[in-house]
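Assemble the whole structure, with the sequences as input and the hints as a guide.
Protein chains in written order, with our numbering: chain D, 1 to 305; chain R, 306 to 618; chain H, 619 to 1132.
Derived from the structure by calculation, the hints contain no laboratory data.
Hints may be right or wrong, so weigh each one.
Claimed, not checked - No more than 30 Å apart at the CA atoms, straight line, and that leaves these computed lysine-lysine pairs for DSBU-like: (1) R:324 to D:114; (2) H:906 to R:459; (3) D:205 to R:519; (4) R:324 to D:117; (5) H:1060 to H:875; (6) R:323 to D:20; (7) R:388 to H:1105; (8) R:323 to D:186; (9) H:875 to H:698; (10) R:324 to D:186; (11) H:906 to R:388; (12) R:388 to D:292; (13) R:530 to D:292; (14) D:114 to R:609; (15) R:519 to D:20; (16) D:65 to R:459; (17) R:459 to D:205; (18) R:609 to D:20; (19) D:205 to R:609; (20) R:459 to D:114; (21) D:205 to R:421; (22) R:324 to D:205; (23) D:205 to R:418; (24) D:20 to R:416; (25) D:292 to R:422; (26) D:77 to H:921; (27) D:292 to R:416; (28) R:323 to D:117; (29) H:921 to D:65; (30) H:829 to D:65; (31) R:323 to D:114.
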Amino acid sequence: MVNETMAVRPRKIKLSTSSKVFYVVCYSVISLIALSCLIPFIVLISGSFTSEQYIRFHGYSILPKDFSTQAYQIIFKNPMTILHAYGVSIFITLIGTAMGLLLITMTAYVISRKDFKYRNVLSFFFYFTTLFNGGMVSTYIYYIQYLHLKDSLLALILPGVFNVFYLLIMRSFVSVIPTALIESAKIDGAGEYRIFFQIIWPLLKPGMATVALFLALGYWNDWYNAMLYINSDSKYPLQYMLYNMLQKTQALAQIAGQAGIQVADLPSSSLKLAMAVVATGPIILVYPFVQKFFVKGITIGSVKG
Amino acid sequence: MGQNLMRNHLRNFGQEVKKNHALFIMVLPAIIAIVVLAYLPMAGLVLAFKNYRFNLGIFGSPWNGLENFRYLFSSGTGWLITKNTILYNLLNLITSQFLAIIIAVFITEIKNKLFKKVSQSLIFLPYFISWVIVGTFVYAIFNYETGMLNSAIKSMGGESVNVYSMPGIWPWIICLFNAWKWCGYNSVIYIAAITGVDAEIYEAADIDGATIFKRIRYITLPCIKPTVITMLLLQVGRVLRGDFEMFYQIVGNNGQLFNATDVIDTYVFRSLLQNANLGMNAAASFYQSLLCFIIIMIVNAVVKRIDSDYALF
Amino acid sequence: MRKRLLSMTLVFTMAVSMLAGCGKASSSDSKATPTGTSVEATEDASATAKLDTSEEVNLVMYVVGDRPAGQDEVDENFNKIIKDKLNCTLTVNWIPWSDFRNKYPLLFSSGEEFDLAYSATWLNFSSLAQQGAFMSLDELWPTYAPKNFARQSESALKQATVNGHYYTVPTLLATYSAYGPVYRTDIMGGTDWAGKMETFQDVEEYCDIVKATHQEMQPLDIYSSGSEWDDTYMYSLGYRSSKGSTNDFLFFDPSQKNPKLFTYYECAQTGDFLEIMNRWNQKGFFSKSALSDTDSTQLQNGKAAMKTHNLDKLADYSRTNPDYKMEYSNFVKNVSHLPYTQDCMVISNTSKNPERAMALWDLLTSDRDVYDAFFYGVLGTTYTLNDKGEYSITDTDLYSPSGMGAVRTTEFNRNAVGTPESYDTWKQTFEDNIASNDTAEKYAGFVLDTSNIATEYAACQSVHQQYWWPLELGYSDAKTGLAEYQKQMEAAGIEKVRVEVQKQLDAYVAGLNK
Chain D
1 MVNETMAVRP
11 RKIKLSTSSK
21 VFYVVCYSVI
31 SLIALSCLIP
41 FIVLISGSFT
51 SEQYIRFHGY
61 SILPKDFSTQ
71 AYQIIFKNPM
81 TILHAYGVSI
91 FITLIGTAMG
101 LLLITMTAYV
111 ISRKDFKYRN
121 VLSFFFYFTT
131 LFNGGMVSTY
141 IYYIQYLHLK
151 DSLLALILPG
161 VFNVFYLLIM
171 RSFVSVIPTA
181 LIESAKIDGA
191 GEYRIFFQII
201 WPLLKPGMAT
211 VALFLALGYW
221 NDWYNAMLYI
231 NSDSKYPLQY
241 MLYNMLQKTQ
251 ALAQIAGQAG
261 IQVADLPSSS
271 LKLAMAVVAT
281 GPIILVYPFV
291 QKFFVKGITI
301 GSVKG
Chain R
306 MGQNLMRNHL
316 RNFGQEVKKN
326 HALFIMVLPA
336 IIAIVVLAYL
346 PMAGLVLAFK
356 NYRFNLGIFG
366 SPWNGLENFR
376 YLFSSGTGWL
386 ITKNTILYNL
396 LNLITSQFLA
406 IIIAVFITEI
416 KNKLFKKVSQ
426 SLIFLPYFIS
436 WVIVGTFVYA
446 IFNYETGMLN
456 SAIKSMGGES
466 VNVYSMPGIW
476 PWIICLFNAW
486 KWCGYNSVIY
496 IAAITGVDAE
506 IYEAADIDGA
516 TIFKRIRYIT
526 LPCIKPTVIT
536 MLLLQVGRVL
546 RGDFEMFYQI
556 VGNNGQLFNA
566 TDVIDTYVFR
576 SLLQNANLGM
586 NAAASFYQSL
596 LCFIIIMIVN
606 AVVKRIDSDY
616 ALF
Chain H
619 MRKRLLSMTL
629 VFTMAVSMLA
639 GCGKASSSDS
649 KATPTGTSVE
659 ATEDASATAK
669 LDTSEEVNLV
679 MYVVGDRPAG
689 QDEVDENFNK
699 IIKDKLNCTL
709 TVNWIPWSDF
719 RNKYPLLFSS
729 GEEFDLAYSA
739 TWLNFSSLAQ
749 QGAFMSLDEL
759 WPTYAPKNFA
769 RQSESALKQA
779 TVNGHYYTVP
789 TLLATYSAYG
799 PVYRTDIMGG
809 TDWAGKMETF
819 QDVEEYCDIV
829 KATHQEMQPL
839 DIYSSGSEWD
849 DTYMYSLGYR
859 SSKGSTNDFL
869 FFDPSQKNPK
879 LFTYYECAQT
889 GDFLEIMNRW
899 NQKGFFSKSA
909 LSDTDSTQLQ
919 NGKAAMKTHN
929 LDKLADYSRT
939 NPDYKMEYSN
949 FVKNVSHLPY
959 TQDCMVISNT
969 SKNPERAMAL
979 WDLLTSDRDV
989 YDAFFYGVLG
999 TTYTLNDKGE
1009 YSITDTDLYS
1019 PSGMGAVRTT
1029 EFNRNAVGTP
1039 ESYDTWKQTF
1049 EDNIASNDTA
1059 EKYAGFVLDT
1069 SNIATEYAAC
1079 QSVHQQYWWP
1089 LELGYSDAKT
1099 GLAEYQKQME
1109 AAGIEKVRVE
1119 VQKQLDAYVA
1129 GLNK
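And the structure:
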């Protein structure tokens, strides 16, 4: 059709000087930012492979100066713990993201429909919960006593499954889709579910990819719910283990040895960095995977034809 | 009279449901979820006004009016921490969103696929580094004796600078680190919005011979306007909430910097460290929520006046 | 398309039902344990014989710490022993170090059923007690733990009292308010150090030598938890803090008949102190960015040479770094016992078997074998004893001493292998000091009640951290900084606090003189 032939035509237009300058600026600014984001991460990784002695006296560096895998050996001394944690993290991320994505997309679609009379009321109803919340004590009692979710994986999934911020972001994506599309589909006799799943859904790829990414990241990085509700060793997600390690030092430092009991050895700097690497692991690969959904030029026109 | 009004409302509601019953069903799970997960536990808000007794529970404890709020406002601290919280959030909001938009526009303009993909992934990395670790990096850079900054200055023949005793510079340091941490995350939204733009429009612009600048100015930016406004509004709605971890890890217990870097969350944390008063904690949270509520209601109403499509609700 | 929708819905519902099942299964485990028969509480000391142990009961105890990997063995062994003696078992739940700040208060507000818990001053024992978090022990304690009750000192009992009732069983382990430098002597080899460590001047000489001979070190270990040299200074002058611990802002002189409270800016010697600290700052004895440094292990790691703290740090460092040849010096003029509520045991309001729990506690603190089995574990497997009775944990990856520090008593507490001889000598010296000079000891029972001044006290605490901590390290100018500190304290309400605390102090003194 019209668009396809146009997309195939090769670009032979010569670039003006100002365009060239623009591209130079683009590439250099992005390179600079990307480098400033990469270097600390490299320092983190190399720190995890450096001996503790070296870090204490010489600080961090870009390349591991005194190479040592001791930190990783300590972490993987009991591989079952890490494997369980990976399992829990992956499980709640997948389930939570799937549930959340469906819920959020469907709801965002409904509240973006101009012909839905209560869309503003509902939006406010949802948004209000981001302003006021019952607080840690009340929520904790509620989850434990009334929902009976103590030590349950559901307690790790439910709190984040319907995130109102993502809902409103998704709504802004949905609102770009022209209402004419929906109207013409209705004229053709399509039902609401069919319109949603067959027409709207495919057009929302970038939006859904974004929200799916955010949901996945949110679930992967969550330690708070695990801290509150989980007690069994086998149900702790990866990020909680990292949090445990990082905060232990802080907590003990804060009480400044007031505790009369002997405190165990504190995790070393390189151990903390190694745990950070292990806990981050696979989630870094999710973003490149999601990027392929950011396809420029959704051909809405083709549907019109 | 009142009864008629009620009946009318119910009848209108009934008609609406009949007209759009599929939509109502589609939105029902979300309503149930939000009521069960968010509204029911909200009853705990009363804790802010109670003299909490552990053996009586939240609802059995006696009321004590606004007593729990007093510690927030003693000796002028209330104004200082509120001001700091709002200013930091506005500063961070503007810089991080601005940076994210620039990154998004630049990245979508770049043609080289490999460069695009790699740089996008790299820019996302800071998000994965927790503030605890960032805090140790900040200390490694700015500490007086062995920090990277002072090492660099000394190697160039200068004198060491004691950054930790210069409160004025820290808002900018915090702003910088905040922008650095979130630039990747925020830019994703804008990249997705830009790539959602109808390809036809771009092709038409090319045919008309539009330059890059014209294209960005008249197509790209306007098309992501709804997303930008939504993001700004969402951030404004959180203008009284501070990122506790960020402030606590970067500043630590350095009292010299508190006047410039104290936000509500860090002040509350320090005040209640040795006093396990749950009511006072809840009061601080309620104060933040109430102010956020008032602010967003006003801002949203203003935006609605300008263009009702862009308002949050 | 429809098939995809169908399969997704199936996955959705399967996931939800599976997880709901998970939730239900675990909640049924937390059902209430069967209640033991309640026994009439009397003052009779032989009431332990009245304790009805006919029904087996499971007691639940909460401690703070990271659960060691091999703890199961210890628990199993211990439960065998107490099943015999009291027909009960004990489940110990551990609140990890990273979570205690949030989870500890939650424990008492969530209505969860448990019996015993560890508490301490750093767990805000008095503030929680004032808010009704714990069960009153007025009758339980003397009735079901009479041996423990009889051994408590008067000041311990006073410390356990909040609003006229007993809310905790303090530890029976004596600890001392002695404070002073804990320092390495191995690095002094080959220098002309005199070996004296009795005054601040001596500290300075020591640090000068360290600075000259070991450039990579900073002599004093100070980090983001603040400096304790100010407290050390005040204690060395004979002053006592109003709340009985470090980081205080109100002091008094216990040698006076009717002591009056004063702040740092009203103390004549503060100027001298600030001068000293300023000089130390200039000389580089500690980092100029110390308050943002989160590294609490400077001394162990060889980055610092000296720290000011209590005697237990000497034992700790000697054990972990024997080659440092750590030594200790006490700067406190009048030593007293530290509050026994440093480690204490509380019983929850939700406990169904407080009598049995209390009886267990009596057993733990009076029966050597039961204590060892609980605190150290299985002799030969988890720990070993040398001929001096010092213990050593066999595998520190798997085992560690119990997190319930409150169970230690002066008689039962064992030193760890590697504790220097001087440790016990010092303790004996302190006991002798206290016996002959009760100037400070008579105030050991004074417990500050901040419930009437909660707001002002919190504000003063905050101001103290913000303005005094940098000032005492010489980061801000001594004169203007002190004036600013005074201004801010007055604005925070120090006068109201002072009036209230003075009132309580006067009442306490009146009680002493009766």
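Quick rundown of the hints versus the structure:
no.: 1; hint: R:324 to D:114; in the structure: holds (14 Å)
no.: 2; hint: H:906 to R:459; in the structure: holds (16 Å)
no.: 3; hint: D:205 to R:519; in the structure: holds (27 Å)
no.: 4; hint: R:324 to D:117; in the structure: holds (10 Å)
no.: 5; hint: H:1060 to H:875; in the structure: holds (12 Å)
no.: 6; hint: R:323 to D:20; in the structure: violated (58 Å)
no.: 7; hint: R:388 to H:1105; in the structure: holds (21 Å)
no.: 8; hint: R:323 to D:186; in the structure: holds (16 Å)
no.: 9; hint: H:875 to H:698; in the structure: violated (55 Å)
no.: 10; hint: R:324 to D:186; in the structure: holds (13 Å)
no.: 11; hint: H:906 to R:388; in the structure: holds (29 Å)
no.: 12; hint: R:388 to D:292; in the structure: violated (43 Å)
no.: 13; hint: R:530 to D:292; in the structure: holds (23 Å)
no.: 14; hint: D:114 to R:609; in the structure: holds (15 Å)
no.: 15; hint: R:519 to D:20; in the structure: holds (15 Å)
no.: 16; hint: D:65 to R:459; in the structure: holds (23 Å)
no.: 17; hint: R:459 to D:205; in the structure: violated (53 Å)
no.: 18; hint: R:609 to D:20; in the structure: violated (41 Å)
no.: 19; hint: D:205 to R:609; in the structure: holds (28 Å)
no.: 20; hint: R:459 to D:114; in the structure: violated (64 Å)
no.: 21; hint: D:205 to R:421; in the structure: holds (19 Å)
no.: 22; hint: R:324 to D:205; in the structure: holds (29 Å)
no.: 23; hint: D:205 to R:418; in the structure: holds (19 Å)
no.: 24; hint: D:20 to R:416; in the structure: holds (12 Å)
no.: 25; hint: D:292 to R:422; in the structure: holds (9 Å)
no.: 26; hint: D:77 to H:921; in the structure: holds (29 Å)
no.: 27; hint: D:292 to R:416; in the structure: holds (15 Å)
no.: 28; hint: R:323 to D:117; in the structure: holds (12 Å)
no.: 29; hint: H:921 to D:65; in the structure: holds (20 Å)
no.: 30; hint: H:829 to D:65; in the structure: holds (27 Å)
no.: 31; hint: R:323 to D:114; in the structure: holds (17 Å)
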